[in-house]
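**Q** Listed below, chain by chain, are the residues.
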Amino acid sequence: MRGITFVRQFGEVVLAIAIAPLFAGWIAQCRAWMQNRSAPSLVQPYRMLRKLFQKDAALAKNASPLFRTTPYVLFGTMVLAAAIIPSLATDLPFARAADAIALIGLFATARVFVSLAAMDIGTAFGTLGARREMMIGFLAEPALLMVLFNAFLLSGSTALPSLVEFYNAHRFLIDPSLAFAAIAFVMVLLAENARIPIDNPTTHLELTMIHEAMLLEYSARHLALVEWASSLKLFNYACIGFALFIPWGIAAGGRNGSAATLLAIAALMGKLAVAGAALALIESLSAKLRIFRAPEYLATAFLLAVLGLLVHLQIGAR
Amino acid sequence: MNFDFPEQQPVQLPANIPAGCLRVNREQWLQTAKALHDANTRLLALWAADDRDRDGCFRVYAMYLLPETILVVEHAIHDASNPMYPSIAALFPSALRMQRAVYDLLGIASDESDMRGWLRHNGWPETLFPLRKDVDGSAHYSIAPASYPFVTVEGDGVHEIAVGPVHAGIIEPGHFRFSVVGEKVLRLEERLGYTHKGVAKLFEAFSQQDGHRLAARVSGDSAVAFSWAYCASLEAITETPVPLRAVYLRALALEHERLTNHLGDLGALGNDAGFALGLTQFSRLKEDLLRTNTVAFGARYLMHYIVPGGVSVDLPGRARGLLLKQYQELERGVVKLRSIYDEHAGIQDRFREAGRLTNELAERLGAIGLVGRASGIACDLRVDHPWQPYDKLRPKLITQAYGDVAARVQVRFDEVLETLRLCRALLDDLSSGPIQVQVPIAEPDRMGAGVIEGWRGPVIVVLETGRDGAIRRCHAHDSSWQNWPLLEYAILGNIVPDFPLINKSFNLSYSGQDG
Chain A
1 MRGITFVRQF GEVVLAIAIA PLFAGWIAQC RAWMQNRSAP SLVQPYRMLR KLFQKDAALA
61 KNASPLFRTT PYVLFGTMVL AAAIIPSLAT DLPFARAADA IALIGLFATA RVFVSLAAMD
121 IGTAFGTLGA RREMMIGFLA EPALLMVLFN AFLLSGSTAL PSLVEFYNAH RFLIDPSLAF
181 AAIAFVMVLL AENARIPIDN PTTHLELTMI HEAMLLEYSA RHLALVEWAS SLKLFNYACI
241 GFALFIPWGI AAGGRNGSAA TLLAIAALMG KLAVAGAALA LIESLSAKLR IFRAPEYLAT
301 AFLLAVLGLL VHLQIGAR
Chain B
1001 MNFDFPEQQP VQLPANIPAG CLRVNREQWL QTAKALHDAN TRLLALWAAD DRDRDGCFRV
1061 YAMYLLPETI LVVEHAIHDA SNPMYPSIAA LFPSALRMQR AVYDLLGIAS DESDMRGWLR
1121 HNGWPETLFP LRKDVDGSAH YSIAPASYPF VTVEGDGVHE IAVGPVHAGI IEPGHFRFSV
1181 VGEKVLRLEE RLGYTHKGVA KLFEAFSQQD GHRLAARVSG DSAVAFSWAY CASLEAITET
1241 PVPLRAVYLR ALALEHERLT NHLGDLGALG NDAGFALGLT QFSRLKEDLL RTNTVAFGAR
1301 YLMHYIVPGG VSVDLPGRAR GLLLKQYQEL ERGVVKLRSI YDEHAGIQDR FREAGRLTNE
1361 LAERLGAIGL VGRASGIACD LRVDHPWQPY DKLRPKLITQ AYGDVAARVQ VRFDEVLETL
1421 RLCRALLDDL SSGPIQVQVP IAEPDRMGAG VIEGWRGPVI VVLETGRDGA IRRCHAHDSS
1481 WQNWPLLEYA ILGNIVPDFP LINKSFNLSY SGQDG
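Residue numbers (the working numbering), protein chains in the order written: chain A, 1 to 318; chain B, 1001 to 1515.
These aren't lab readings, by the way, just hints derived from the structure by calculation. A virtual CB, placed ideally from N, CA and C, is assigned to each residue, including glycine. Incorrect hints may appear among the rest.
As the list claims (entries may be wrong) - With beta-carbon atoms standing in for the labels, derived distance ranges: (1) B:Thr1152 - A:Ala299: 30 to 38 Å; (2) B:Ala1109 - A:Gly122: 23 to 31 Å; (3) A:Gly122 - B:Thr1358: 34 to 42 Å; (4) B:Gly1182 - A:Thr69: 28 to 36 Å.
All chains, full assembly: derive it from the sequences and hints.
**A** Below, the structure written as structure tokens:
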């Protein structure tokens, strides 16, 4: 029985790694449609990865081992995060091993590595990007914690699987605090994943970049891993969102049959499709914020999450 | 205009708008500049020529924009071994870079303290001045990188960001050196000249009848303006009357060029603010217009269209209906997109207050063209000095007072709508008749000017004829010369990530200023 759960854990991680670029491709496709452009193929991100893996890597002369190992660290942390987040089932060894606060720590680790690597070469843009990334990061993390506390107060645990199972037990629970938390979460998701309105993933203007500026010195397989890790991060955030707010379909409470698993996969795909379209819509409708509006934006997210907490304490006390 | 030396009055200069030429000595060069500066005139261009083979002199010229005319001040420098002239950069700051370029090309020095190279970039030996008559323009030299002393800013936490000349996107090369503290820009210094092609020297290898082809390529986005300016100067020298139909078609092409560039800019400005919908929609409108160009003028971009004596292709009969329909759709699209831009809080937040160039600063630094109009400088040659056919069209002068990115966007929107009106009027008044006449070979040693308000600002070509239909000297000047330095001021106090947006709102030509 233990063996089976490890196989299922492995399957979940592989699925996450495999479909993360697809999710990014889907968002790009939706964006193109919403702007009346003909869209790139859904598998374009995979083609990009293949192309990058086939190239020879160019490294700056003064690149330290930190610069070279960061892509692997980045990819590794995101894979580990994918293992912790209950995207398909709750009864998984890794999901039980770490709670959501450890998860945030994991994301922070990735951020520290990528920022240090950006400064490693010593170009102006890397430092510029790293500095901005840290500013966004230190504002986004507390907001994300507050969002998570909303959910934790409901379930009484900081573990994401417990939360999903709690929802399963209280199927028709509607808590107003979650509405505040959900809006705050979407705002944090956009900021943390370098999307409009905080960052523009498609820009070629090096002076405006945040995330991209840190990657300018990477090429070939290193760039491929970093890009893959970025799409995996977005996928992970989406799955955290699903676990927090719409956990329907996730195989919970030890239902391990193939029917439950298939249902979980179908539900995940459906949710990703809708979430991707919604993200593309938000991005198409908004312009990029002036960088010093980012603190206001993230403070708003934080405030919304705190409001959710207050609402919960006022009316939701059980 | 009266000067302190009334014995000298300007002689008439052949040009498409009223123009005079004043010959002055060394002292008067500075006196005229002072008098003109006090009378609030604008410097249009500054260039020089090597006339040692003719009379042993170098000549330096400055072109000023007066309320009624254009005045070219000509100063002959007799000391050919050590040619010097007084700098006018203290009066007209935009002259500084032009003076530096004059030294790079001809070795004629001003008495200005900042004489760092501007165009040379170590592309040729320091002692060689390629525009001199005795220098072979076809020689090649290996380029050794040289350091360039940027002005540095010192202080706690101040550091430099070097951007370009190779950028992350596919754009023209230019180097920008920012001194920043945090994200705030304390100083910006530009370094241009990377696309110097030696156009002035190349002109000397062209015949008068062919020069328009090179002129059209000085700055690709202003091909119509430059080729018209060239042809206007040649036609003025030879006193060739251009058929009315050709004149109207030239204006139509010029206005189409204005539309194309404004549409492209408006889309790019939306995109630089992170609003990709703007780019795709304006790109679509621009593409539709370019396709209409193919029907009306025979090509998408009009490098071949204006030729000496007229235009190269007649407007086909079926084009009129197509154009009118195109204008209608364009107008509908632009009005709709304008309301989207105007009502989008995110876009307006990026546009407003960004890159502000106050009216006072713009006046002092001699802003010109679209950038000037967005800072309240009411100057549009089509309005102030209308040449045929603008004397009949009476274009509306479009200005904005505030001088930020939003103002430059609004000027573009207004100009698109006004230009559509002009295009319709041009089509309505289009008479039938020939589209081209023969331009005779001009007499040698005559000088003429063509001054055209392109989409970016005044475009100037000054032509000096040689023997047997050759070009002795041809100076092509883009208004980017005047407006590039202003960008260094507009960015002050803004934050680094806003620079691309501000730069785009200026959208100046690298190629046009590098020459």
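**Q** Any of the earlier hints contradicted here, and which numbers?
**A** Hint 2 alone not satisfied by this model.
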